[in-house]
Amino acid sequence: MDASRIERSLARIAHEILERNRDLADVALVGIRTRGVVIAERLAALIREAGEAILPVGSLDITLYRDDFMRHPVGPQPLVRSTDIRFSVEGRRILLVDDVLYTGRTIRAALDALIDYGRPRSIQLVVLVDRGHRELPIKADYVGKNLPTSPVQSVQVRLREVDGLDEVMLEEGA
Amino acid sequence: MTAVAPVTALRGRHLLSIADLSPAEITLILDTADAMKEVGERTIKKVPALRGRTIVNLFFEPSTRTRTSFEIAEKRLSADTLSLAVSTSSVVKGETLLDTVDNIEAMSPDMLVVRHASSGACQQLARRCRSRIVNAGDGMHEHPTQALLDAYTMRQRKGRIDGLQVAIVGDLAHSRVLRSNLLLLRKMGASIRVTAPRPLIPAGIEALGATPCRTIEEAVDGADVVMMLRIQLERMQSLFLPSLREYFALFGLTADRMALARPDAIVMHPGPMNRGVEIASEVADGPQAVILEQVANGVAVRMAVLYLLAGGSED
Chain A
139 MDASRIERSL
149 ARIAHEILER
159 NRDLADVALV
169 GIRTRGVVIA
179 ERLAALIREA
189 GEAILPVGSL
199 DITLYRDDFM
209 RHPVGPQPLV
219 RSTDIRFSVE
229 GRRILLVDDV
239 LYTGRTIRAA
249 LDALIDYGRP
259 RSIQLVVLVD
269 RGHRELPIKA
279 DYVGKNLPTS
289 PVQSVQVRLR
299 EVDGLDEVML
309 EEGA
Chain B
12 MTAVAPVTAL
22 RGRHLLSIAD
32 LSPAEITLIL
42 DTADAMKEVG
52 ERTIKKVPAL
62 RGRTIVNLFF
72 EPSTRTRTSF
82 EIAEKRLSAD
92 TLSLAVSTSS
102 VVKGETLLDT
112 VDNIEAMSPD
122 MLVVRHASSG
132 ACQQLARRCR
142 SRIVNAGDGM
152 HEHPTQALLD
162 AYTMRQRKGR
172 IDGLQVAIVG
182 DLAHSRVLRS
192 NLLLLRKMGA
202 SIRVTAPRPL
212 IPAGIEALGA
222 TPCRTIEEAV
232 DGADVVMMLR
242 IQLERMQSLF
252 LPSLREYFAL
262 FGLTADRMAL
272 ARPDAIVMHP
282 GPMNRGVEIA
292 SEVADGPQAV
302 ILEQVANGVA
312 VRMAVLYLLA
322 GGSED
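Going down the list, the sequences are from chains A and B. Reading the first sequence from the start, the letters are residues 139 to 312 in my numbering. Reading the second sequence from the start, the letters are residues 12 to 326 in my numbering.
Just so you know, the hints here were simulated from the structure itself, not pulled from any lab data. Wrong hints could be hidden among the right ones.
[To be verified] Computed cross-link-like contacts, BS3-like style, restricted to lysine-lysine with a CA-CA straight-line distance of at most 30 angstroms:
hint	chain 1	residue 1	chain 2	residue 2
1	A	K277	B	K56
2	A	K277	B	K57
3	B	K198	B	K104
4	B	K48	B	K86
5	B	K56	B	K86
6	B	K48	B	K169
Here chain A stands alone, though its shape is the one from the complex (with noise of 0.2 angstroms):
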């Protein structure tokens, strides 16, 4: 996927999150640290050019709510980085956005990292990819492309914001 695919699926995305959620008041974003928070932001920019609404973002950092840490045991610890979430999503609608849909367990900690800041009316999920192999019984509502994938291949996702460039690369060994 090159910048203006990524560009059309965000655009098709951020349509759809309008036809679905008619009031807009009691939605928000909440991206999964790194890229997740970038394509959040993205999103509320869409929407808000728009003329819809002004959607507030968030960012959630998953580190502590993984359950590979006792897969690990001589592994150094992953970076924690903070959670910035200035919104109640106490009976909120949330979009949480992440790049990469793949086993589902960053989604499994994400959903127990936001339900720990309240209790949302709904969360629905968004991602740029998904690309397959799923561990666990979560599915996307939203979604940029379908990628099928072997699981030895790995999918990067690179954005301006954080990369300096826009694409979506499947690499052969994961």
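Once you've looked at the hints, dock chain B against the given chain A.
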């Protein structure tokens, strides 16, 4: 000080002394504490990061602040914790430190947080134990998490540690807080002046990077941070000080003396305070005091230390 290349893990299995930490590792702990502080501001102040880990707090010396702080930090990380106070343990029946710890280790804890009256007790345990050891104060040697939370508080209030002028006043001879702070502040590029009555200035303190001053006025003059240390009545005989009244008259932090520091200077104290001995109440409760912030930050810093040590390293 040159820029420090970031690191993502601690090299050691234990936290015994600030001497074992590099400036980059100290920065990692403080940055991780920033994220942990946010956890403490939530409605649900708990994350599952250390679920299933067992941490035993072994306090062979009295402590309110440090033990409470570690316990809260452990609970916020979802660890299973147990605190052993010496007065209710078999130590009163004559069991030695090593026997006590061997017995606790037989129950497979992951970490031991240890406070002991003997300097070097934690080192001795670290050589023997499978568990990771966190030094919560050993005799007159070190109190590394206190120095880390002090550094965190300075960084929070002053935006940096590098280049700060820090005055440390009080019982320099018996203070583990001082030793840990000197090591840390020097690694992070602060300059340090210390002062105390002559018998309480240990020989060779210059070698640790501190400039001894004759009077408190000289030490506090132009300081960004004024750190008061407790007069440790339990560790000294009367021969060190003629009287507490005289100590306050000569070395107590009063509003007049505090006026010599920079106008935006902060006042720190590791607690417990002896009001009217090392610090006047009007200063301790004044707008420049960050003493309770230190306590609040202690939880976040200890969460960071426990979390980072639980990850472990290859050795």
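Going down the list of hints, with the structure as the test:
Using a Cα cut-off of 30 angstroms, the hinted pair K277 (chain A) and K56 (chain B) holds, with the two alpha carbons roughly 29 angstroms apart. Among the hinted pairs, K277 (chain A) with K57 (chain B) is consistent with the structure: their alpha-carbon atoms are about 27 angstroms apart, no more than 30 angstroms. Distance restraint check for K198 (chain B) and K104 (chain B): the Cα-Cα separation of roughly 43 angstroms exceeds the 30 angstroms cut-off, and the hinted pair is therefore not satisfied. Restraint check for K48 (chain B) and K86 (chain B): satisfied, since their Cα atoms lie roughly 14 angstroms apart, inside the 30 angstroms limit.
Between K56 (chain B) and K86 (chain B) the alpha-carbon distance is near 9 angstroms, which keeps this suggested pair within the 30 angstroms criterion. About 17 angstroms separates the Cα atoms of K48 (chain B) and K169 (chain B), which keeps this hinted pair within 30 angstroms; it holds.
In summary, the structure is inconsistent with hint 3 from the numbered list given earlier, while agreeing with all the others.
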